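Visitor: Protein sequence lines, in the order shown, are assigned to chains A and B. Note that the working numbering has the first sequence beginning at 1, numbered continuously upward. Note that the working numbering has the second sequence beginning at 1001, numbered continuously upward.
Since the hints were made in silico from the structure, they are not lab data. Do not take every clue at face value.
To be verified - Subject to a maximum C-alpha distance of 20 Å in a straight line, what follows is the list of computed PhoX-like cross-link-like pairs (lysine-lysine):
#1 A:Lys264 <-> A:Lys338
#2 A:Lys248 <-> B:Lys1549
#3 B:Lys1322 <-> B:Lys1347
#4 A:Lys158 <-> A:Lys225
#5 B:Lys1065 <-> A:Lys330
#6 A:Lys214 <-> A:Lys306
Stated by the list, open to error - Quick list of simulated restraints, FRET-style, between CB atoms:
#7 B:Gly1318 <-> A:Ser38: 29 to 39 Å
#8 B:Gly1145 <-> A:Gly45: 56 to 66 Å
#9 A:Ala436 <-> B:Gly1318: 54 to 64 Å
#10 A:Ser408 <-> B:Gly1189: 24 to 34 Å
#11 A:Pro218 <-> B:Pro1475: 56 to 66 Å
#12 A:Asp219 <-> B:Gly1223: 29 to 39 Å
#13 B:Thr1077 <-> A:Thr221: 32 to 42 Å
#14 A:Gly45 <-> B:Ser1127: 44 to 54 Å
What you are looking at is a predicted structure, and each value in this text was computed from that prediction instead of being measured. The C-beta atom is built at its ideal place from N, Cα and C for all residues, glycine as well.
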Amino acid sequence: MPKPRFTIGILVSICWLCLDISIQAQTKEAKAGTATISGRVTVNGEPVANVVVALQYTTDPSTSPGVRVRTDGAGQFRFTGVTAGHYLLGALAPGFASTSDRQYAPHGVLITVLEGENNMDGFSIELERGAAIAGRVTDSQRRAIPEENVVLTMLDEKGRPQQLNSPMNSHLNITDDRGYYRIFGLPAGRYLVSVGHNPQDFTPNGGRMVFYRKTYHPDATEESKAEVIELSEGGEATGVDITVAEAKLACLVSGRIVDAETGKPIPMMGVGYMKVKENGGNGGSTMNASRSDANGKFQISLPPGKYSLFGGGSNGDYFTDQSRIEVEDKDVSGIELKARRGATISGVVVMEGAYDRAVLARLPSLSLSARNRSDDVWRVISRSSRINPDGGFRISGLPPGKITFSLSSQIGANRLSILRIERDGVSQGRQIEIGAGEQAHYLRVVLVYAAASIRGQLKIIGGAAPSEIVARVYARKLGGDESANFGSQVDASGQFVIEWLTAGEYELRLSYTHRNNPAKTDPQLMQTFLQQLRQARQTVSVGASGVTTVIFTLDLSRKEGQ
Amino acid sequence: MTIARYFIIAIFLFAPSAAARQGGAITGRVVADDGEGVANVMVSLFAVGSQSGGTRTTATDENGKFRFSDLDQNEYTIAVSYSRGYVQTPPSEAERQRPRYYRIGDDVTVTMTRGGVITGRVTNANSEPVIAVAVTAVRVRDAGGAPARGVYSSRPRFTNDRGVYRIYGLTQGTYVVAANRRDNNFRPGPAPYDDELPAYHPAATTRADAAEIKVSVGVEITGVDIRYGGGRGHTISGVVSGGKGIVTRPAVNVHLFGAQGEFSTALAYIRPGEDNRGFTFYGLTDGEYLITARSAGVDQGLAAAPARIRLSGADVTGIEMKLDPLGSVSGRVVIDGLSNSCDPKRKISLERFLITLMRDDLQADAANFLQYPRSFSQRLDENWRFTFNNFEPGHYRIVARSPDEHLYVKAITAYAATPARRGAARGAKPAGGVWQNGFTFRQGEKMTIGAVTFAEGAAILRGKIAPENEGARLPSRLRLHLIPADPKAAEDILRYSETIVRSEGSFAFNNIAPGKYRLLTRVVPDDEPIDRPPFPAAWDANERANLRKEAVAMNVEVELKPCQRLTDQVVKYR
Chain A
1 MPKPRFTIGI LVSICWLCLD ISIQAQTKEA KAGTATISGR VTVNGEPVAN
51 VVVALQYTTD PSTSPGVRVR TDGAGQFRFT GVTAGHYLLG ALAPGFASTS
101 DRQYAPHGVL ITVLEGENNM DGFSIELERG AAIAGRVTDS QRRAIPEENV
151 VLTMLDEKGR PQQLNSPMNS HLNITDDRGY YRIFGLPAGR YLVSVGHNPQ
201 DFTPNGGRMV FYRKTYHPDA TEESKAEVIE LSEGGEATGV DITVAEAKLA
251 CLVSGRIVDA ETGKPIPMMG VGYMKVKENG GNGGSTMNAS RSDANGKFQI
301 SLPPGKYSLF GGGSNGDYFT DQSRIEVEDK DVSGIELKAR RGATISGVVV
351 MEGAYDRAVL ARLPSLSLSA RNRSDDVWRV ISRSSRINPD GGFRISGLPP
401 GKITFSLSSQ IGANRLSILR IERDGVSQGR QIEIGAGEQA HYLRVVLVYA
451 AASIRGQLKI IGGAAPSEIV ARVYARKLGG DESANFGSQV DASGQFVIEW
501 LTAGEYELRL SYTHRNNPAK TDPQLMQTFL QQLRQARQTV SVGASGVTTV
551 IFTLDLSRKE GQ
Chain B
1001 MTIARYFIIA IFLFAPSAAA RQGGAITGRV VADDGEGVAN VMVSLFAVGS
1051 QSGGTRTTAT DENGKFRFSD LDQNEYTIAV SYSRGYVQTP PSEAERQRPR
1101 YYRIGDDVTV TMTRGGVITG RVTNANSEPV IAVAVTAVRV RDAGGAPARG
1151 VYSSRPRFTN DRGVYRIYGL TQGTYVVAAN RRDNNFRPGP APYDDELPAY
1201 HPAATTRADA AEIKVSVGVE ITGVDIRYGG GRGHTISGVV SGGKGIVTRP
1251 AVNVHLFGAQ GEFSTALAYI RPGEDNRGFT FYGLTDGEYL ITARSAGVDQ
1301 GLAAAPARIR LSGADVTGIE MKLDPLGSVS GRVVIDGLSN SCDPKRKISL
1351 ERFLITLMRD DLQADAANFL QYPRSFSQRL DENWRFTFNN FEPGHYRIVA
1401 RSPDEHLYVK AITAYAATPA RRGAARGAKP AGGVWQNGFT FRQGEKMTIG
1451 AVTFAEGAAI LRGKIAPENE GARLPSRLRL HLIPADPKAA EDILRYSETI
1501 VRSEGSFAFN NIAPGKYRLL TRVVPDDEPI DRPPFPAAWD ANERANLRKE
1551 AVAMNVEVEL KPCQRLTDQV VKYR
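Generate the whole structure from the sequences, applying the supplied hints.
Guide: Right, here's the structure in full:
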């Protein structure tokens, strides 16, 4: 039986030329919602009743349930009174798998509802019954290993692994107190099951002392020797046990933070680390693994590997030099991190051009962050300061180097963006540079409304877009010292919106990611599609406010080279 | 089936050498009841008095061993987190009265046992399994059968595709089990049940109708099934605004506490098209709730006055939480009477003083809401000053702990509270008088306590309670009070002490001001919870009068001279 596909059909035409709406005007009218979204949920082609379908704001930082409805006896669902915005539409049915959406949670499809939308019908959410894998994890002495994460890797048709990692389900994919696990709601396919970590890829946190080397079912430490688990739709594989080979111990790394000049200990400073990979590149990092105590001392635990330790990563007047360490099989002590007083910069934040008092009133709820990028270690030190009602700010604790500024994340409309930094009356672009021991005062940070947006569509002619590709649009502002990048996902109907832009010239390009469902598209077609996608490029001029429209057209009937 | 046993925490102490050097270690092992080490258990070490800079955490190795090295001379407490199905026996009362402190050179053994297990199946009205719903076990009675004060609910465990859940690692006690209850604020992501009501075992919608389950350590209880109704709950929504405070963060945490012990957090943020930070709580049963909102500011914390809400049959909207600045209090420590020193050669070290700020006006709420810690401890800075920041309006007391056995707290004097003005604290004039009943702290106040005065010449009183009739048994829980006999000291709270008598009858009072005292024994009432002792009786004026009256009737007097160590006092119990 052919596997069902996740399809979307939209039976409405959108008037692209009508989209000349300014963002400011939109904010107050957004409350009145007039759109309707409806469709059907099926399992193996059969409609299924009483399934919860959720419509969630993509810009919603909270985990509120959003708007929800249940499917009726005919499997139909309908949302009414939907306000304009970006949403994620999906079924919440933990026992089922969505065949197409296997990469990242949340499961669902992106929808953009525009002003004046009426009906968006015909959404089809196709599910299959989920399969399950269950087993037990023990060590070589048959002792249960509780609370260990079980990781699934899905194999594609060529047997290549792709990580099937739904971060939202990681709380379910864990062994219980007896070492048993059961992972359910899986799409049919071929899987590898493993626990543990590969030392070179792994950056720890949480202070665990005992780690297990990555082991696949039944007891293989190499992926090539792992046994493949075949799952049919709604099927079950039990007894998928894993015997872990060896346990690795973390070691204690201790030391203290002292002032580089006076030698006095520095208390209450955060200590972090960055993993140095085998090839010299940097792995993951943790800014605040621990804090120094009243005597400047700290202690963290790390598994074997190479690390770079540092202090003051996230806050304070001091930063430290880095200390490279290698952890092998015993504790490392006596590390001394030398702390130096960072530079202080201060000045005033002003608005460009004419502005009203309401803007000044909003300034204290923003904070200005300065980030310093240290060339030799790719480390970013960030400090922030609130903006006072008179526009003044003061940021201290910065190491020497190039400093870029940003505003704290603003939620809602009427966003501000940094236009330029002025130092002694001279524009420095969006970056300033300070040397060791230097201070920078009387800076002017000039802000402007980021009220413009780019809207558009990705049109496909001469064929259908491959359903397993999710496209993205990127806009890069031209002509600045520090290019800012803005992006947006292209939703299910081919639309995209990039918001909060300032005036200027932007170059737009496309990129993509794969969904994990089996490739249905003809390889030739896919190649043409991706090639055109990669080559697509447009440059647009964006005004201070308002909407600029861009259309990308990919013609799949064109052969390569034309 | 394993049999529950009582476990004793055994501590092996090595006397630290007199010249203990810097950089010592505390080592230990966590073992299970079968003697096997327990791996990967988190062990935390807290330097007494430091806020957060003195916390170290490590985990046990394969053999259950742990070690903290490179430590300074200080006092430490150790906490072991319940994990991987193991629980630690709660400390006995006397141990809780005087918390256990460790020093470098100590080797500690902590025993854990497998916690209790509850497992069962959650199904809906059609007998279908309810999949991936959170199930929690809420303790309603402690191990002794007394109603549990405060809320303890297990970490949520989720049902699998057959509707089966398993909760492990439970401490001894009586529990109710619920599916889809708002607890612990664990938010893995959107689930179909987020706006629906909870369901209690076996088929109840409220805790009152739920069946209670007795759990013993090491015992697994199966068949604890739940019939899930799945009705839609109601919502509580509102906005958070800056009252007198300026809110700098785009989103603010709002907490909801339920009378049935529920707890959840919503994020108040500015939604597109709106001006205010709105929040909504979903899936609520009818009943009483308390909402709090806090925001960490760049300079100062902000908090809103808690809002009480009663939900009955309909959504509640329009709650406004106004954020106002939190307060701070500072003071200094002074030492008196050094000429009468018990041990002139010793050095009094600054870092061993500990000042605690304790809030004591939340008794009424303590049963249902607000489980935050209500006491804060601080060490002194190099100018012998202490400062407490960011705490909420309420009634507080200062409790001072003496650094060694020769000092007692002589007085605590308070200046008048000043309204929140920068620099006002230093210029405040003393209002005079001895501070007796704590102080009421209003929104946004910056207050200066004048001084906490310690004096030399403290005495120690130790001894034993013996039953008057030979062979009679002492009550299981006895408290001994030390009450000043001098009428001039009748209202001086600092002169009153109380201690829990150990099971074999011994007691100890330390850091006592010299003078005449009476002793009074009182039986601890059965409903006083083991894990949360009440505030000292002497804090209440009426109770003080009762104590004095009863002490006169019991007529046991003792006189303590400066620096005296009286260690063989025998008190007869009738």
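Visitor: Output the numbers, in ascending order, of every earlier hint that fails for this structure.
Guide: 2, 3 and 14
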